[in-house]
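Asker: Here's the letter readout for the chains.
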Amino acid sequence: MAQRLNIHIAGENALIIYFSDQSNELVNANISSKVQQAELLIRQAMEKELSQNIIDLVPSYASLMVMFNMMVTDHHHVRNKLRELLQHIDHELTSHTSSNDTNIVELPVYYSDESGPDLSVIAQRAQLTTEQVIEIHQAQEYRVYAIGFAPGFAYLGEVDERIAAPRLSTPRMKVPKGAVAIADRQTAIYPSVSPGGWNLIGLCPINMFDAKATPTMPVNVGDRVKFKAICKDEFIALGGVLEVNYE
Amino acid sequence: MSKSSSQKGFIVEQAGLLSLIQDAGRFGAFNIGLTNGGPIDLLAFQWANRLCRNTLNATTIEISVGGLSITAQVDSTIAITGANMPLTINGEAKSLWRSYHVKAGDVVALGFATQGVRCYLAVVGGFNITPSFGSTATVCREGVGGLQGEKLQVGDVLACSQNIEQSHLNKNLLLDDKLIPNYRNEVVLHTIPSYQQHHFSSHQQRLFFSHEYTVSKSFDRMGYRLEGQVIQCDIDGILSEGICHGAVQIPADGQPIVLLNDRQTIGGYPKIGAVSSVDTAKLGQLNQGGKVRFEPISMEQAHNLFHLNLSRFNRTELIDCD
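Taken in order, these protein sequences are the chains called A and B. Read in the numbering used here, the first sequence has 133 at position 104, and its numbers run on one by one without any break. Read in the numbering used here, the second sequence has 243 at position 206, and its numbers run on one by one without any break.
Hints in this document: simulated from the structure, not taken from any laboratory. Bear in mind the structure is a predicted one, so any value in this text is a computation, not a measurement. Treat the hints with care, since some could be wrong.
Computed cross-link-like contacts, PhoX-like style, restricted to lysine-lysine with a CA-CA straight-line distance of at most 25 Å [claimed, not checked]:
no., chain 1, residue 1, chain 2, residue 2
1, B, K140, B, K45
2, B, K254, B, K328
3, B, K45, B, K208
4, B, K188, A, K203
5, A, K261, A, K206
6, A, K206, A, K255
7, A, K241, B, K254
8, A, K206, B, K188
9, B, K188, B, K45
Could you put together the complete structure from these sequences and hints?
Answerer: Laid out in structure tokens, this is it:
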């Protein structure tokens, strides 16, 4: 039996649906696929009867925020619509596992000390060689749990416990575009130059956010990402640029 | 570095502290991490457009603090609303909250605000700016919108529509003095308890809703950091989730931050509620030292507040003038 959908008020024009107990700090792929499923169902409805009503959707780890247009609708109407649309979501999830229709994106990474200044730090802490850290990082698939912080910044999880690393105590003023990074059990690629406190282990030559391209990003929430180690020559050939100064 | 355009309109002579191209905001791109942008004081923005007989989403300039000076390259009609900034046209003092016909060569200049923070400069037909992700709203942090995602700079040309003969036939419009918002230093923020509200004890919630807060030196289009009574939450953080407009975040130091148009799309700090948009417009006109008080309201009351204000806005007729 499907449990009652957990819809809360966020603000005057926003509701937020929680797919797990909020105090639960664990990242959970099962919950994340519910978020993805719900987003898909609502987006389909936005193409049709909800086109004027819902103005934005914000999927994250275990929640989905729904912003609506107060000029034409209200939270009662939106809430009812959401219940109607999502009533079978638990059932649908169990009837077909989401892994079949998940998009898998392979991203090349030039892992090295010159492209990832924290690679050796992580290796030392874990009592591994840098080669082992690289091997562990690219051995598994990651799920895109959320996109935010900056345009195109995708939060990927979960990193193998052995190479998980806390954020730097002093964030860098300038992290280069394409930097592949680890914070706790999450990994990500900086889509543009920005300050940042994650541990840098390599560089990815693929553009993670291009305002002029369609689609603007190579990944969406719910997709799976696999990293593939490449050498410096391949990195350069793919358009990668080596940042010399890590401030 | 200026960006020239083959189209004519207005040329920026002095950019001021922070002058930004803004339409009503960017919606539908939160899932790729793009925030809303748009006018901090939505009401003043809408009045500026109505005074120019524009649609309410037309592209304007939001001037924070002041100091913008532009020269018309074409005959047009403009209107400026919002904070009390001294306005001159060709050196002659003019009042805000009404429209003016301007001719090619006229210089429109704003001094610095004496009350409030932000003004809106609308032009008949709106500025012609190429939208990014469906909107012209500038978000500098993202480098999106406006002219190449940046604030206005000296030499920028802001194109506008050229069907000016039509607009000159129209009379100028003004807003009745009695209806012009009075930007005070004290604002009540009607707030819907929401999000992690239940992680704040009833005592902490009472403290939050009964103390006055002061706008700190950190206030911008992302959010207003406040100073005052410390509020404690029984959790440090949450799994990052969507942040709505007006959300009140309580970080570990217990000092509230009201999140506005350029906020991050998701975040992991606990939130105690969200301020109504009618009141965030007033908050966004406060400077450092401004005083605010939070008052709890229900979702229904917030809905009423919004629609009563909308109804008053729609009912108000502008007055013809010369």
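Asker: Would you mind marking each hint as holding or not holding in the structure?
Answerer: Each hint, compared with the structure:
1. Between K140(B) and K45(B) the CA atoms are separated by roughly 13 Å; this keeps the pair inside 25 Å, and the hint holds.
2. Of the pairs offered as hints, the one joining K254(B) and K328(B) holds, with about 13 Å between alpha carbons and a cut-off of 25 Å not exceeded.
3. A threshold of 25 Å between alpha carbons decides the hint, and for K45(B) with K208(B) the separation of about 23 Å falls inside it, so the pair holds.
4. Of the pairs offered as hints, the one joining K188(B) and K203(A) holds, with about 22 Å between alpha carbons and a cut-off of 25 Å not exceeded.
5. Between K261(A) and K206(A) the alpha-carbon distance is near 16 Å, which keeps this suggested pair within the 25 Å criterion.
6. A distance of roughly 19 Å separates the Cα atoms of K206(A) and K255(A); the hinted pair therefore holds under the 25 Å criterion.
7. Proximity of K241(A) to K254(B) is assessed by CA-CA distance (about 36 Å); at most 25 Å being required, the pair is judged violated.
8. Only pairs whose Cα atoms come within 25 Å are accepted, and K206(A) paired with K188(B) is accepted, the gap being roughly 22 Å.
9. Only pairs whose Cα atoms come within 25 Å are accepted, and K188(B) paired with K45(B) is accepted, the gap being roughly 19 Å.
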